[in-house]
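Below, each chain spelled out in residue letters.
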Amino acid sequence: MTAQAQAQAHPYGTASEKAGILDWVMTVDHKKIGIMYMVTAFAFFLIGGTFALLMRLQLAQPNGRVLSNATYNEIFTMHGTTMIFLVVMPLAAGLGNYLVPLMIGARDMAFPKLNALGYWVFLFAGIFLYSSFAFGGAPDTGWFSYAPLTEKPFSVGHAMDFWALAILLLGLATTTGSLNFIVTILQLRAPGMTFGRLPVFVWTILVTSFLAVFALPSLTTAGGLLLLDRQVGTHFFNVAQGGSALLWQHLFWFFGHPEVYILILPAMGMISEIIPVFSRQPIFGYKAIVLSAIAIGILGFTVWAHHMFATGMPNATLAVFSADSFLIGVPTGIKIFSWLGTMWGGKLRFKTPMLFAVGFVALFLVGGLDGVHLAVIPVDWQVTDSYYVVAHIHYVLFGGAIFGLFGALYYWFPKITGRMMGEGLGKWNFWLMFIGMNLVFMPMHVLGLLGMPRRIYTYGDGLGWGIWNLIETIGAFVVALGILLFMVNFVVSLRKPATYEADPWDAFTLEWKASSPPAAYNFAEIPTVKSLRPLWDEKHPDLADWRVRE
Amino acid sequence: MSLLFGPGSWAWEPSVLIGLLATSVGYAVLVGPLRRRHHSGERVPVGRQLCFYAGVLSVFVAMVSPLDTIGDEQLFSAHMAQHMLLTFVAPPLWLLGLPAWMPGLLARRDRLARVGVRLTRPAVAFVIFNGTMWAWHVPFAYDAALRSEPLHIVEHLTFMATAVIGWWPVIQSWPAADDDPRPWRILYLFLSTFPCTALAAVITLSPRQLYTFYANAPLQLGVSPMLDQQVGGLLMWLPADMILILAALIVGNRWLADQTGRYAQGHPPKVATSE
Amino acid sequence: MSSQALAARPRDDGKERTALYIVLAAEAVFFGTLILSYLYLRVGQFDWPFNHPTLSQLIIPALNTAILLLSGVSAWGSERAILEAREGRLRLGLLVTLLLGLVFVAGQVFEFNRAGMRPSDQAFGGVFFALMGFHALHVLAGIVILAINLVRAFAGDFSPARHMAVSLGSWFWYFVVAVWLVLFAALFLI
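Protein chains in written order, with our numbering: chain A, 1 to 550; chain B, 1 to 275; chain C, 1 to 190.
None of these hints come from the bench; they were simulated from the model. Every residue gets a Cβ at the ideal spot worked out from N, C-alpha and C, and that includes glycine. Among the clues, some could well be false.
[To be verified] Incomplete in silico selection of chain C near chain B, CB under 8 Å:
| id | residue |
| --- | --- |
| 1 | Y40 |
| 2 | V43 |
| 3 | G44 |
| 4 | L83 |
| 5 | A85 |
| 6 | L137 |
| 7 | L187 |
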């Protein structure tokens, strides 16, 4: 049976003895696990997004009365925690799970059972965290849960215990997943796939995995010490008894800063696969883009203090971290040149994946410039904990990570399902998200400069904030409409008859050699790789990359 | 100012000067006449030789210039700068100047060679280098070295020796064999940032004087002891991390260039094959 | 297990070892952040109770350290034993390591109680509790691994060519011993 026929007969792998849902529950196939990660993460995305809409409704006008202050605190905390830990990270993990073995020409991940375990721990942790709503209230101290607000006298009830335990479980899931990626990429590459021929997406997953292995333990320590303080009565963060509130911040941000690179690097890898294909050129500056990813990773561990500029650190320390934070903009800037260089002189096709990729570059640039701006101490002192910071994080996380992920979903949808997503709806999806996103987050710069603090549930009349907030709320619903269109597109496309085209985009990397969807065993024969674009080489032997290089 | 840079504030210590001179002469002889006698040795490029002498120069700056005096008597940050030169500047420069055959020459003896191999294994070297660094920064050890000249000499010598061991897995022998697992050097350098950052953070963020010697030092050059301590910690924080990252990028660049260019040279790539 | 069944099992390759190193790296950062939290509090706190520990305060922790070091030797011995196909020595080594580990944990509990500390005793009580407690938990995890290996050793599961579980268990044990050495120095000697 040919691979194509096989894919038609048994989408998502060979016929297994288990029927339907049991097959999925007991699977250790990286493709099915990847799909489960993505579906679950998307469900959390809708919940977190609903929370965002609720917040925007509350803030649309002064003296809003949609949510009480207590509820508002829970909503913004859960929005942040959900989006970071239950959406962006698992979506990237899911895509990585699905694609990495295919891109390196392997049959599965190195530890398939561990892979499955990671997913179920993630699912359990998410549900566990949300169950806090039913047990006296969800966490309400912000997604970075500063002590001592999170300590017993100030946070009564179990919300913070739910948060800390969920964080520990998620740390476990992420660490096992990262471990799996590292071992898989190091040891299961196809013959000929040297590290110089590794797709950029696989590189970013590798660097991200190393970051996760070394950053998450700090969060584990923080959560563990918080639990000890709350349950056993220790005093790690209790100043009166010799503890330190700043200790929490150091532990959290030592994790927190590498975490932002964990959030963005995979998306950067995704668009590094999309842009070359839709420019019909190899990636410009492969070495530079890989080395800059490594540099970002290592540097990322040294700058955490820039989240603490307003905590009373001495001037010398402030100056050094300001400089360090400027520095970290350099490798990121190099990547932008790489993407632009790839597009330069290429034959550009603006299909939906490419739209999202270019949107990423534009929006991430804004967010990056925001960030560099925040590295200037006097600016930071003025706008920290204001909506300026909220603007920054959303430009990089929504304009960056989410746009990258949406582009990736459009791009790899045909590989996963054997059919294309609608282009018309796709373009509407993109433009609504793009315009809406700018309507929501661009005015936040103004609000921040006007002095509107973040995490307030309402504000008074006559401050001049009302009009901007109203625009932002309208923008939020534009974004929501765009996402709704995505879901419509998704469902409509799934109902179309499958075309099973293995390589609909005329792409370059190995995963497009497998059938759409791939057979359970991925490749009938593990291919030998001779360059960064093995599929291009196969399709154009006279113009093969390995002929052209000196 | 003249007090600072006048002839009186340079530390013309005979033992140091003789040591530096001997090192330079010894190296010159080894890459010159002695190399020619042992025909297995390749010529050391001029750039690499200059690296070695630059390393010697940095030790000179560290130990003989007023940096030494100020560090020994007045400023913690100056002392830290001195230590940085001894551990992050001189050793890598020396190792860059060291060709492949030189260690072999020096370690004709089997036993010495075996000990050398054991000591320069990445995990061992990592522990030796970082362990020594942490040990000497424990307050009672640091203060003791400042109060006792012999102990201070031991401190500096152990810093330099353990730093050479620490940098060895990264710079290794030259020219590097094709089989060298260079990617692990990137990981090694990345992991090395952790003990450095950690120690620097503890020093920089400490709310009180850690090293009593400097709290009571006579002249402070108008700098408060706490600011001095913070600057010292910061000198270890950022510059050390930057040097390590720079090294990681250099190693990474050469490795990637190698990996992207392999097929053109007809070398079978070194990868694990899947089953 | 019959020699045929033994031969039919998949060969040990580098995957599990790499995975263990990654796990140990993460654990090292975990203990590192714990120790750094302690140091951070200690440089801030002005009356750390163990600034000049007396000999009587040090004797039990020192004894415990010696016991753990010994267990590291026996762990090393058990690995050597299976490389030389000496199954009896392997089992003995695993058993001794396991028992010494249990003695160590008991010693830690005893010492904590004897010192009269409670976790809620200002910051230092929590520090001792957390550092020694998390370490003891890892020792217990190591003991569980050793116990599993011991059972498998009795079942004849290991051979010179196939003993990855023994190696991994030993390496985890060395890690636990190394962490204790650092903790001991950090808590009692500086």
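Results of checking the hints against the structure:
| no. | hint | in the structure |
| --- | --- | --- |
| 1 | Y40 | holds (7 Å) |
| 2 | V43 | holds (4 Å) |
| 3 | G44 | holds (5 Å) |
| 4 | L83 | violated (19 Å) |
| 5 | A85 | violated (26 Å) |
| 6 | L137 | violated (23 Å) |
| 7 | L187 | violated (13 Å) |
Taken one by one, the earlier hints fail for this structure at numbers 4, 5, 6 and 7, listed in ascending order.
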